[in-house]
Structures are given as C-alpha cells and as structure tokens.
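K.L.:
Sequence:
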Amino acid sequence: MSVRFEFLPPSPALAHLIRQHQIIRLSFAASDCVPLKPYWPRPSSSLAFYSRDPEWIRHLGATQSRRKPRAVLIGQPTRTTLREGGRDFSVYQIEFQPGALYALTGLALSELTDGDIDAEAVFPPDFASLIREVEDTEDSGRRISASEAWLQRHDQRRQRPMAAADAIAVRLLQHPSMEIDRLARRHDIGARQLRRAFHERIGVSPKLFARIARFDTLVRLSNRHPAHDWLSLAIEAGYYDYHHLRRDFREFCDMAPNDFRTVEAASPERKFGFRED
Numbered sequence: 001m002s003v004r005f006e007f008l009p010p011s012p013a014l015a016h017l018i019r020q021h022q023i024i025r026l027s028f029a030a031s032d033c034v035p036l037k038p039y040w041p042r043p044s045s046s047l048a049f050y051s052r053d054p055e056w057i058r059h060l061g062a063t064q065s066r067r068k069p070r071a072v073l074i075g076q077p078t079r080t081t082l083r084e085g086g087r088d089f090s091v092y093q094i095e096f097q098p099g100a101l102y103a104l105t106g107l108a109l110s111e112l113t114d115g116d117i118d119a120e121a122v123f124p125p126d127f128a129s130l131i132r133e134v135e136d137t138e139d140s141g142r143r144i145s146a147s148e149a150w151l152q153r154h155d156q157r158r159q160r161p162m163a164a165a166d167a168i169a170v171r172l173l174q175h176p177s178m179e180i181d182r183l184a185r186r187h188d189i190g191a192r193q194l195r196r197a198f199h200e201r202i203g204v205s206p207k208l209f210a211r212i213a214r215f216d217t218l219v220r221l222s223n224r225h226p227a228h229d230w231l232s233l234a235i236e237a238g239y240y241d242y243h244h245l246r247r248d249f250r251e252f253c254d255m256a257p258n259d260f261r262t263v264e265a266a267s268p269e270r271k272f273g274f275r276e277d
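Going by the numbering used here, the first residue of the sequence shown is number 1, and it counts up by one from there.
Please keep in mind that the hints were generated in silico from the structure rather than gathered at the bench. Note that CB positions come from ideal geometry on N, CA and C, so glycine has one too. Where hints are given, some of them may not hold.
Per label pair, the in silico range of CB-to-CB distance [what the hints assert, rightly or not]:
1. T63 to R224: 31 to 39 Å
2. V170 to A29: 36 to 44 Å
3. P125 to M178: 36 to 44 Å
4. I235 to F127: 42 to 50 Å
5. H228 to E251: 20 to 28 Å
6. A30 to P9: 31 to 39 Å
All chains should be modelled from the sequences, with the hints used to inform the complete structure.
P.N.:
Spelled out as structure tokens, the structure:
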C-alpha cells in the first residue's frame, strides 16, 4: 500500500462540474494513535468515497462522533469539525464547482449546510456500481475515469448557461474581496434574489461564502508559511486588518489563530510529510 496525498484536476469536459479530485491514502501502525483532523470551513460541496476504514466526525465541543456513510454528499461547511479516519484510511473526494451539486441532485444546498447525506439515498440505483468500482481499485486514474463517466451521464448542467449565482461564486473563489453588489449588477441580478439563489444553490449567503473563501486562503497560506506572522498572512489573504482575522477564527474554529495552527500542525497527513496548502 502506498501513501497518497493527491490533488488532481478534472478532465476538460468536466471542468464546469468539478474543481478537483482529492485522493488521500494513509496507514497507521497498530501502536500509533491516529490524530484527529481539524477540518476547517472551505468554499466547497463535495462527494466523498471511504473505501477502507470509515470516517467519524464530530463538532467542536461535542462528546460523541458520528460514522459517515461509505459514499456521502457533503454540503458547505461553516464550522470546523474534527474527523477521525481510522488506521487504514482511504478517501476519494470530488470537490464540485459552485452550484454543481445543486444541478446534479436538485437538493436545496441550504439543507446540507454543515451537514451531509448518504449519496446512495440521493443518486439513482446505478450509483452503487460506481461505489464498487471505486472500492475495487487503488489506481487514481481508474477512479477518476469511472467517476467522471458516471457524472457525465447524469450531468444536468450540460449545454445550459451558468446561473448568475454560480458565476458570482466562481469569481468570489478567485477574488473573495470583490464587491458583491458590483458583481450582482454585472450579472443583472438583484441583491435579494442573489441571496436566495446562493442559499439554494451554494448553501450560504454570498457574503459568508466570500468570508469562507478568504479564510480558506489564509489557513493554506499559514500551512505553507508556518513561521510567518498572522498580520502578514492576513494582508496577503485579503483581510483588511487583524481584527477581522480573529473574528473569523472565533466564528469558524472557536479558537485563537495560534491555537488552531498548533492543532492543524498535528493533522494525520503531517506524519507523512504532507500538508494542505
């Protein structure tokens, strides 16, 4: 078994649907204590397959964990959760473009915010065969090919113009500090209509989505440059001042920046020399 920590782009034909493929394979000895992963909010919804040991999840401050299904649709997170993947851990996660999960399922994404649902309960019966294909191989290329072929068959987004909310979300992913009202005017959509569309298609408001995108950039910069001070990182990530950075850590992680940095540095992948950056 080879340890893996891969982030791969989609094929051009699926780039409108998929942001990236993530394949993580970690193995811990029986004598090891498996670390918890602090999963901070990041601007995405996803489909994840757990083909070896299951993943358990709990919210900060909670005492009980919940086992996730073997294939799960994950909504937009707004709070940090703690995740435990077991000693033989294998996850293949498809991170969707904004609005893509709504287009695939028809589910209001506000119902999945900070939550998840068994993918087999949502997708057609032939989804079970995709799960088996993913479980039966460790080859990244085969997993991706099988998943993209299945998604292409069920893609309701093809040949349709991108919804205004989705297009604005894509811009906020790239530039979280962009003025939302200006983007709304550019796409000829009113502020109230945009908020409704975001809640339905993305799961949160445009403002909160932009904050999460900026915070995700900040955390990844911190992982890449652990010796840098927070004010320098905040400015690079697009924050106006240190106060807003502390507010986001308090609201998204319920801890101070340095405390989160310490917890994140003990994540499972760090044992193998990997980091999310």
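K.L.:
Each of the hints needs a verdict: does it hold here or not?
P.N.:
Outcome of the hint check:
no.	hint	verdict
1	T63 to R224: 31 to 39 Å	34 Å, holds
2	V170 to A29: 36 to 44 Å	42 Å, holds
3	P125 to M178: 36 to 44 Å	42 Å, holds
4	I235 to F127: 42 to 50 Å	45 Å, holds
5	H228 to E251: 20 to 28 Å	22 Å, holds
6	A30 to P9: 31 to 39 Å	36 Å, holds
Hint compliance for this structure: every hint is met.
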